[in-house]
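Asker: Kindly produce the complete structure, drawing on both the sequences and the hints.
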Amino acid sequence: MLDALPDWLATALSHDEWRAVALSLRVSFWATLASLPLGILVAYVLARCEFWGKQALNGLVHLPLILPPVATGYLLLITFGRKGPVGAALDEHLGIVLAFRWTGAALAAGVMAFPLMVRAIRLAIEAVDPKLEQAASTLGASRPWVFATVTLPLILPGVIAGAILAFAKAMGEFGATITFVSNIPGQTQTLPSAIYSFLQVPGGDAKAMQLVLIAIAIALTALFLSEWLGRSVARRIAGS
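Counting with UniProt numbering, you get residues 1 to 240 for the letters of the sequence shown.
Read the hints as simulated data drawn from the structure, not as lab findings. In this text the structure is predicted, and so the values were computed from the model without any measurement. Check each hint, because a few of them may be wrong.
Unchecked claim - Beta-carbon label-pair distances, calculated as ranges:
{"#": "1", "residue 1": "GLY95", "residue 2": "LEU63", "range": "26 to 34 Å"}
{"#": "2", "residue 1": "ILE66", "residue 2": "ARG231", "range": "29 to 37 Å"}
{"#": "3", "residue 1": "LYS131", "residue 2": "SER232", "range": "23 to 31 Å"}
{"#": "4", "residue 1": "ALA217", "residue 2": "GLY59", "range": "32 to 40 Å"}
No residue lacks a Cβ here, since even glycine has one placed at the ideal position from N, Cα and C.
Answerer: Listed below in structure tokens is the structure:
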């Protein structure tokens, strides 16, 4: 990775610092990709279905936005840690360990970003006229087929916006991640964790600022990409 960068950019940060940036991108990508199918499903259920416990599900989805991130990270640790009920089962039967691994960082980032993703997609679904879906149903189409052929194309800009918003949120996640997977350089140290580490040592302000500028650049790029993709898809839908 470093060989492909300009000399001035590659030497601005050390190898470990660039690894923190790369790990943040990796964690955010997988956190978004893994949570997107569930996010679409939950958003659809909240937008279109009426059932007992709907408000409880809505509250559970948005709980990470209300709880302190450290509390969310602690809940993940006692649940998915090696001694936790889910973590012990994953380790024993599948050999999967999440605590103090980059995969655990992806889980924590995905949990924290999930409410923002669901909300964006839910608003897009609620903006679709239900009569369009009902018309397809009257022609004999099943609910999954109606969703795939009618609802999903119409909400695609919202799905893209939700996914990129979740990616940006995952890039900035700190509290839950450092509580669940710690801050191990080269293994679980993400961009926010690296910034925090530099702020704890004398003379680390300059390095911290460099990482902050990189974080700003990534966030602005994600925002621009979200706007561009959303408008492009919306124009294609309007023209079809």
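Asker: Confirm or reject each hint.
Answerer: Status of the hints after comparison with the structure:
1. GLY95 with LEU63: 26 to 34 Å: With Cβ atoms ~30 Å apart, the hint holds.
2. ILE66 with ARG231: 29 to 37 Å: holds (32 Å)
3. LYS131 with SER232: 23 to 31 Å: holds (27 Å)
4. ALA217 with GLY59: 32 to 40 Å: holds (36 Å)
Consistency note: the structure conflicts with none of the earlier hints.
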